[in-house]
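Enquirer: With the sequences and hints as input, model every part of the structure.
First to last, the protein sequences are chains A and B. The first sequence begins at 1 in my numbering and counts up one residue at a time. The second sequence begins at 1001 in my numbering and counts up one residue at a time.
The set of hints was computed from the structure by calculation and includes no laboratory data. Please note that the accuracy of each hint is not assured.
Claimed, not checked - Calculated Cβ distances over 12 Å to all of chain B for the following chain A residues:
id: 1; residue: V37
id: 2; residue: I45
id: 3; residue: G89
id: 4; residue: D177
id: 5; residue: T240
id: 6; residue: G294
id: 7; residue: V311
id: 8; residue: D341
id: 9; residue: A360
id: 10; residue: N415
id: 11; residue: W447
id: 12; residue: W449
To be verified - For each label pair, taking beta carbons as the anchor points, the in silico distance ranges come out as:
id: 13; chain 1: A; residue 1: E71; chain 2: B; residue 2: N1615; range: 39 to 47 Å
id: 14; chain 1: B; residue 1: F1315; chain 2: A; residue 2: I356; range: 50 to 58 Å
id: 15; chain 1: A; residue 1: G309; chain 2: B; residue 2: T1320; range: 29 to 37 Å
id: 16; chain 1: A; residue 1: N308; chain 2: B; residue 2: E1585; range: 31 to 39 Å
id: 17; chain 1: B; residue 1: T1567; chain 2: A; residue 2: S95; range: 44 to 52 Å
id: 18; chain 1: B; residue 1: Q1633; chain 2: A; residue 2: P166; range: 28 to 36 Å
id: 19; chain 1: A; residue 1: F302; chain 2: B; residue 2: G1279; range: 45 to 53 Å
id: 20; chain 1: A; residue 1: F302; chain 2: B; residue 2: G1608; range: 34 to 42 Å
id: 21; chain 1: B; residue 1: T1320; chain 2: A; residue 2: F412; range: 30 to 38 Å
id: 22; chain 1: B; residue 1: K1710; chain 2: A; residue 2: N308; range: 27 to 35 Å
id: 23; chain 1: A; residue 1: D310; chain 2: B; residue 2: K1710; range: 21 to 29 Å
In this text the structure is predicted, and so the values were computed from the model without any measurement. C-beta: ideal position from N, C-alpha, C; glycine also.
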Amino acid sequence: MGLTLRSVLTALVSLVSLSQGISLTGPRTLLILEDEVKGQFQTLISDLEARGFTTTIHTPKSTTLTLFQHEERVYDNIILFPTKLKGLGPNLPSSSFLKHATAGGNLLVLLPSSSDDNVPTAITELATQVDIFLPPKGFAVVNHFDPADAIEPEHDTLLVDLPTYPSDTKNYFNTGDDKSAKLLYRGAGLALGNSPLVQPILKAPRFAYSYDTKESSSFADDENVFSAGKQLVLVAGVQTRNNARITFVAGADLLADKSFTKVAKTNLMSGNRAFAKDVTAWTFKETGVLRVDGVEHWGEEFGKDVVNGDVYRIKHDVTFSIALSEYSYDHFEPFTAPSDDAVQLEFTMLDPYYRIQLPASSSPLTQHKNSTTYSTTFKTPDQHGVFTFAVNYKRPFLSNVHEKRAVTVRHFAHNEWTRSWGISGSWPWIAGIWVVVVGWIGFVGLWLWSKPVVAEGKGKKKQ
Amino acid sequence: MSTVKSILFKDPASTESARTILRVVILLTIAAAAVASRLFSVIRFESIIHEFDPWFNFRASKYLVKNGFFDFWNWFDDRTWYPLGRVTGGTLYPGLMVTSGAIWHALRMISLPVDIRNICVLLAPGFSGLTAFATYLFTKEMKDSGAGLLAAAFMGIAPGYISRSVAGSYDNEAIAIFLLMFTFYLWIKAAKLGSAMWGGLCALFYFYMVSAWGGYVFITNLIPLHVFVLILMGRYSGRIYVAYSSWYALGTLASMQVPFVGFLPVRTSEHMAALGIFGLIQLVAFVDFLRGQVPSKQFNTLLRALVILITVVAFTGLVTLTVTGVIAPWSGRFYSLWDTGYAKIHIPIIASVSEHQPTAWPSFFFDLNFLIWLFPAGVYLCFRQLRDEHVFIIVYSVMASYFAGVMVRLMLTLTPIVCVAAAIAVSSIFDTYLEIDSPEEQEEDDSKKSKKEKVKDTTGGFLSSKAPFIGIYSVSSKVAVVAAFSVYLILFVLHCTWVTSNAYSSPSVVLASRMPDGSQHIIDDFREAYYWLRKNTPYDAKIMSWWDYGYQIGGMADRTTLVDNNTWNNTHIATVGKAMASSEEVSYDILRKHEVDYVLVIFGGLLGYSGDDINKFLWMVRIAEGVWPAEVQERKFFTSRGEYKIDAEATDTMKNSLMYKMSYYKYPSLFPPGQAQDRVRGARLPSEGPVLHTLDEAFTSENWIVRIYKVKDLDEFGRDHFAVSAFEGGKKKGKKGGLAGRAGGKRGRRVVRI
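Expert: Right under this line is the structure:
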């Protein structure tokens, strides 16, 4: 009975997971928004709910809102919608968001599109902590060369191409049907610091810049330009060391209902809705999550009989394999590194003794058929010590893979050296030893068995 | 009374057997006394391994017993010297562990399963009994069994030897001194008899000695020196030749079987004397042989010239080989034996060990009591007879006296010869003055009669040449001298007991102090902290501490350490020194690179425990400066007036160093504001304690002696720990994002993102 019930349940769960995406972090999603804002993001919210997220709505000032209960994370994902307020409620200081992310939760921050709106201090602080810089109130991005609507005098709604990345980076933000669709954008923009954890998802067009609309409505001088061109970032993603994700969208309208329309200029549907799906999917860990399915290493000494042993010997062949798979909305699939990129293995003791590429292997690890196995064979260096097999694969938008396996590389045992007769150079010396031994025994024998000639001996001594 | 005496002593046969029984009983008593006097520490504290090095030996013994001899031989220890590891099997003297392992197995074989710990704890006292026996045999060869028994008694309780052999002091010296004395005994026997068998036995025990203690070099040099002096004295004989050749050939081959020694006997300067004498004695033998064949005076001088020529050629060859590097030059430890200031300048790591310091003169008296002034008398007595074996005593005393003066630690090698020489002296005195006990009354009558004549006879001429009858005739002087020496002997016993119980029986792992009411108070911070590590940290956690505590952490906490008392890699130690002496920014990178999880410091400020890390800190600085002179500088730790201060006047480098911060972190909070006091250095600390950013306090023991800090992981958001502290402390970083973000502000230029 129990068995059937369980199988039914399993089937149900798998059915659900087939029909919907499920975030790897979890479905519990907190929407922090005021009621008047909710109307602007109906499609976004319903799209999320359709993908399996369960939403809870709280206003920023809510007193009943807690992100942690009994030191456990209450929500898996948080979306912070733009608000008219100058500050968030007492339950939402900037440190609470950091704590949420430290506990593994994800966060999507939508900044107001209108330059008249405030950004709460908690958000500015949070951004600064992750090395993202927000312009003060009153800034807006404009592009006088390619405005979305030429009649509009401010030119502050721009058309942005869907993002492209260098060929060694996987693109998770252009998965819609129409690859050349334009995005409608309106907002202030971001500047990024040097932290390697923060990556630009969407950059401004080359001729766009962000300037203080209050100071000078007609022109911008160097004093009040925030950032410009490709260094001006519209959507930025932060992936913390524990793989929690924080995404800043500089203009909330990017994901709002009003942008999910036709672009006036081209009369084609904007790419915003698909982009919104990509951004939320990435932020809530439905895409770009790597899983290490298995690590195996074995040495020449014992072959595959001893897998993942603790001890290797210097100057011996070692094979190392790692199986990686990637999560895509509802299932794991084999992970293939981009063509210009490679998974690398380091064999490290303080410093890497080896840093070699791990090519995809044709023979998968026995237990993990549904993943790509990267494998290589190399010779341990002539240096004993505690070495570490390290796969340190950290790429933009992919969750960090930092697999370390410490093993001992020992010296030759006393009986593992080549024996003396095995070294041809030693033969003269060995021969010498035996000549002395045999000669001495022969001499002793001769001495013992040869009868001394008494008379002559006596005669000699007398002389 | 006299009838009893006459029965006992007059019949030679019954006397002999009675004496033998008596000797056995006395030797057993001496051995018992030697063992018993070393048990103070077990009775006061518990059956525990002492100090530092013994913890490694103990750990190695456990490994040997658990994994067997072959694994032990090939042991690669990945839990020390992380991440370099240590080829332990090839870099230790296995004699000690193998001995206790053999005892363990032997006891199991007779169904006595004894814990290896108890064997280790009691090994040193057990072997001290054997040492007394070996000393007896050695001295017996020099004089007679009376002197032998005295020497055995002295050796059994002399503090100079007890200091290294109390119960729990499970160090190489525990068995090495026995082996030293026994090897010397066998050598004397071999040299006396000219027997290849005794020479071979000597080589066998020499091999045991080599496998047990690095001090075997002392034997390697002393025996050749003895032979050399004999040759120079013109006392070359076939006996010496046989004894030396068989000892050297067999002993050297055997010693090369110990992996740690390997080819050293033919590659290093320390061993060249033995090799040279081996060559010399062959030449001398050859010359001697030729001299017997061709008794021509001219030919003799020619040969003599030949010997000198060959010696010169050999010496030049040696020098050339040394200069070209085929033969390793003297090691630094050896240089420091000639120049006591050498180590301090060139090898701070050797100078930093307290037992490598020159000996203070009171310690001679402290360790040897009245033996030290009887010692020259005994040596003098050897000069009077000056047989071959007496030359050995003289050579030994000269060498050992010098070395004991240079290094405190080598007091240990001086002690046996002092005991032997003093025993010869005391025994001679008793031989002379205790004649009163002799029942040969007619002799006394005799002496009384011809008292004046005899005195006249003895005053003229050289005593040794005439060998006249010596006797003391006045009973009062006999009584006075005997009484005086009895008092000395009793005082000696009292002194030894006192020294042993007060100075040498502390395990140093557990400290004892007195409460105001006189009761004993045990301070057990070390074990408390090590046990905390053992129970609260993952098995593969890496602990960084100064090297002094490496063996103890490995032995008691069973955790991986970066450096330990086997100071084989100076750079690695200097790295730890640098981490301790640098500011947090620098240290954190070092800690991360070495994957350190916990940092352990010893802090004695609260209790007044003077052997703490702040007092050792300058050595860390010096050792680090030896490797990174640009980054760590000793003078920056001294105030402008050249003082080593930890209070408010301390230099910024000092206050920012990790060691200072870890030692005094939160310490002022124990006291009322402004009252914080360091009781070791007698300094008042500033009321604001240091702030730590990259470390978390994990554990502080009851009396604050051991403090353990956990190294923080990298920040999840990629900030440095100073920024994290600033943020959590409420100071906002960049109050407004604003335009400050554009130029990057304080954090340097922003990199253009592609």
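Enquirer: All hints, please: hold or fail.
Expert: To see whether the hints hold, each was checked on the structure:
1. V37: 22 Å, holds
2. I45: 28 Å, holds
3. G89: 19 Å, holds
4. D177: 29 Å, holds
5. T240: 4 Å, violated
6. G294: With a cut-off of 12 Å, G294/A remains clear of chain B, as the shortest Cβ separation is near 21 Å.
7. V311: 8 Å, violated
8. D341: 15 Å, holds
9. A360: About 27 Å separates A360/A from the closest Cβ of chain B, which puts it past 12 Å; holds.
10. N415: 8 Å, violated
11. W447: 17 Å, holds
12. W449: Holds, since 23 Å exceeds 12 Å.
13. E71/A / N1615/B: 39 to 47 Å: 42 Å, holds
14. F1315/B / I356/A: 50 to 58 Å: Between F1315/B and I356/A, where Cβ atoms are some 54 Å apart, the hint holds.
15. G309/A / T1320/B: 29 to 37 Å: 49 Å, violated
16. N308/A / E1585/B: 31 to 39 Å: 37 Å, holds
17. T1567/B / S95/A: 44 to 52 Å: The hint (44 to 52 Å, Cβ to Cβ) holds, given that T1567/B and S95/A are roughly 46 Å apart.
18. Q1633/B / P166/A: 28 to 36 Å: 46 Å, violated
19. F302/A / G1279/B: 45 to 53 Å: For F302/A and G1279/B the Cβ distance comes to about 50 Å; the hint holds.
20. F302/A / G1608/B: 34 to 42 Å: 56 Å, violated
21. T1320/B / F412/A: 30 to 38 Å: 33 Å, holds
22. K1710/B / N308/A: 27 to 35 Å: 28 Å, holds
23. D310/A / K1710/B: 21 to 29 Å: Taking Cβ atoms as reference, D310/A and K1710/B lie about 25 Å apart, which means the hint holds.
In summary, the numbered hints that this structure violates are 5, 7, 10, 15, 18 and 20.
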